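With these hints in hand, go ahead and build the complete structure from the sequences.
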Amino acid sequence: MAALASAGRPSSGPPPMLAPSRCRPDGGLRGEMADIDVEGLVKRYGAVVAVDGLTFAVEKGEVFGMLGPNGAGKTTTLEIIEGLRTPDAGSVHVLGTDVLAHPSTVKERIGVQLQATALPEFTRVREAVELFGALYRRSRPTAEVMEEFNLEEKAEAYTTDLSGGQMQRLSIALALINDPDLVFLDEPTTGLDPQARLNIWTVIEGIRKRGKTVVLTTHYMEEAERLCDRVAVIDRGRIVALDTPPHLIAQHAVGTTIEFEPVLGLDPQSLRSVLGVERVVADGRVSITTRNPEALLHALLDPTAPWASTGDAADGEREGAIRDLMVRHGTLEDVFLSLTGRSLRE
Amino acid sequence: MKAFRALTLNRVRASVRDRTALIFTLGLAVLFMVIFGLLFGGNGLSVSLDAVNNDNTAVSASYLKALGGVNGVTVHSTSHSTAFADLKDDSVAAVLVIPKGFGSAVLGQGPPQQVAIYQAAGGSSSSAIADAVVANVTARTAGLGHLNVTLGTPQSADVNQVTEMDYMLPSMIAYIILFSGVNYVAIGLVEMRVKQILRRFRATPVRSGTILSAQVVGGGLTVLLQIVVLVALGIWVFGAKNYGSWLLLIPPIVLGTAAFVGIGFLITSISRTSESARALAAMVTFPLMFLSGLFFPMSSLPAVVQTIARILPLAWASDALHQVMNDAAGFSAITTDCLVMLAWAVVTISIATWRFRWD
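In order, the protein sequence lines correspond to chains A and B.
First residue of the first sequence: 1, per the numbering used here; consecutive thereafter.
First residue of the second sequence: 1001, per the numbering used here; consecutive thereafter.
Do not take every clue at face value.
Claimed, not checked - Now the in silico label distances, taken between C-beta atoms and shown as ranges: (1) B/Ala1282 with A/Leu100: 52 to 62 Å; (2) B/Arg1207 with A/Gly46: 44 to 54 Å; (3) A/Ala157 with B/Ile1023: 46 to 56 Å; (4) A/Ala157 with B/Tyr1243: 11 to 21 Å; (5) B/Phe1024 with A/Thr160: 17 to 27 Å; (6) A/Asp98 with B/Ile1023: 42 to 52 Å.
What the hints assert, rightly or not - Beyond 10 Å from chain B on every Cβ pair, some chain A residues (computed): (7) Arg44; (8) Ala47; (9) Pro120; (10) Leu135; (11) Leu162; (12) Ser273; (13) Val274.
These are calculated hints, taken from the structure and not from any lab test.
Only a predicted model underlies this, so the values are computations on that prediction, with no experimental measurement involved.
Ideal Cβ positions, reconstructed from N, Cα and C, are used throughout, including at glycine.
Below, the structure written as structure tokens:
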């Protein structure tokens, strides 16, 4: 399947029309090279196709998210771009350099945080920062990096004794030790408690403010919505959608979902004809997704409808179609559900 | 070069801080020396004998008293059955049986008699010592009288100037070479692979060869450091002596380390998990430890076992180290040892590099 790519710069404005055709990565920038340009990427493991013809571009200065469930091919894609794996087909250019031909040139200019990286045993935090600094031709001073990432207090602790959040901060600090133009963060907040996750989000927003391009993978839609300028939704090695989070939600999450307990006389399927209704799921509880919640509510509350209340109005109680009503706005979770028919987390 | 130095330093520092691994290498080597020191060290030797006195005269009593008067020799008079039970459970080195008529024989009043001496089959160094002591005292006792008393078939006591500690020190150097090579390189590298530490290093511009060689060289340096500590302890604490040249110890130590680091590296290349690396390492190290002359000379092993052990590099390392330290051998005596170890190092490291998997 050909991937969708947004033609323009990331924006968080109201959803304009999508450009469904694939665009050259420099299309929106008039000649300026994209930071990452991936074309027709394929990676197989035996009979399993992990990456199935990915094509996309990441522009300078944006936070680009890759959203998908475990095993979707996010990490494999990332590791090919980072020069850690060789694809079976396709080309990858990073910062204008062909990764497959010149991996060390690229590695010198990018920062990488691997998914669940461990560091060498019996190594103190300060020593780890110094060690990784020595692996690049040019690197930032250890003290400066330690201060920026709030690691001074733990400087003499073994890395294995850090908490999950501290370890992720160190891991991100190590990814930035060479002052890279482009940073890859593979599931930076997986397994963290909410407090630590917020902390890492602030760190990532700080990286972005310094003008660095960030590529991150996640399976938390709230993370993608908060941090990413654009999100590629990946499923089974393919990009099923690529756009800004608001565009994606507007396009695929189809506005609003109204849920309620059904009452006698209501045939939920009959509500399909109501203006704006996209999807009706009646599985005990009724869940109706609509672009026009007002019209749906109006229909539900219609006093002439067969399911309208017949009770005594004087006692103040009203039996109606909308008992236990809930209204939800669309999220990337709904985008994923609508695109793949499956939930993001299992 | 900056990257290689930093990676090597990190490897050595981490290895030295890893107490558990240290216990299994330097720690156990020192413990073995302590145990052997307690067994054989101290104020000279001590030998216990049981005597079955069938004579019961003043002469036989003073004969036993003379024996017991020798420094380090203890003699107990006991029954025949107790004496042989003691011999069986190794609480005495030998059993003496004094025949009836011993007293009269010494005094020239009866027919000649022979004192019987029994030892456990095979014999040990302490039973050889018992022989010598008993022979000496018996001869002197006989000299008092009419030369009518002799000691039956004395065992030859193989006297070696090299003490147990002198023998143990080169053995323990070989032991550290054996265990550190596989501990610090095989298991260390597999764990770095499983935990994705190698992958993280590869995400930096450092060349793959630099990452690997830093791990291997770092492991080797850790081994050398431990050997320096062990030799210092052996000489100054345990009183071992090096009869040969210190300089000549360098080739067998460096080449032996290279051979075992190579074997460790090879184990890394063929094991997927750290559990299988551990199992393989144990399969290589434990038999080698016993077959390669670390705790007793290889000449005491059956010929077939010797032949097998001769193929493996530890025997050569052990031989070279013992030759230099115990027999003050020159380089010509250890040239073959060194060449075999070099061959092992080159072959294992080449195959391991060729077959190495990054994930």
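Structure-based check of each hint:
1. For the pair alanine 1282 of chain B and leucine 100 of chain A, the beta carbons lie near 41 Å from each other, so the given range of 52 to 62 Å is not met.
2. At roughly 29 Å, the beta-carbon separation of arginine 1207 of chain B and glycine 46 of chain A lies outside the given 44 to 54 Å, and the hint is violated.
3. The beta-carbon spacing between alanine 157 of chain A and isoleucine 1023 of chain B, approximately 23 Å, falls outside the hinted interval of 46 to 56 Å.
4. Between alanine 157 of chain A and tyrosine 1243 of chain B the CB atoms are about 48 Å apart, so this pair departs from the stated range of 11 to 21 Å.
5. The given range of 17 to 27 Å is respected by phenylalanine 1024 of chain B and threonine 160 of chain A, whose C-beta atoms sit roughly 20 Å from each other.
6. The given range of 42 to 52 Å is respected by aspartate 98 of chain A and isoleucine 1023 of chain B, whose C-beta atoms sit roughly 50 Å from each other.
7. Chain B leaves arginine 44 of chain A outside its interface by the beta-carbon criterion, the shortest separation being 16 Å against a cut-off of 10 Å.
8. No Cβ of chain B approaches the Cβ of alanine 47 of chain A within 10 Å, the least distance being about 19 Å, so the stated non-interface status holds.
9. Taking the minimum C-beta to C-beta distance to chain B, about 6 Å, the non-interface status of proline 120 of chain A is violated against the 10 Å cut.
10. Distance check for leucine 135 of chain A against chain B: the nearest CB is about 4 Å away, which does not clear 10 Å, and the non-interface claim fails.
11. Once the 10 Å rule is applied to beta carbons, leucine 162 of chain A is consistent with being away from chain B; the minimum gap is 15 Å.
12. For serine 273 of chain A, the non-interface assignment is confirmed: its Cβ lies about 55 Å from the closest Cβ of chain B, beyond the 10 Å cut-off.
13. Non-interface status of valine 274 of chain A relative to chain B is upheld: no Cβ of that chain comes within 10 Å, the nearest being about 53 Å off.
When held up to the earlier numbered hints, the structure conflicts with 1, 2, 3, 4, 9 and 10 and fits the remainder.
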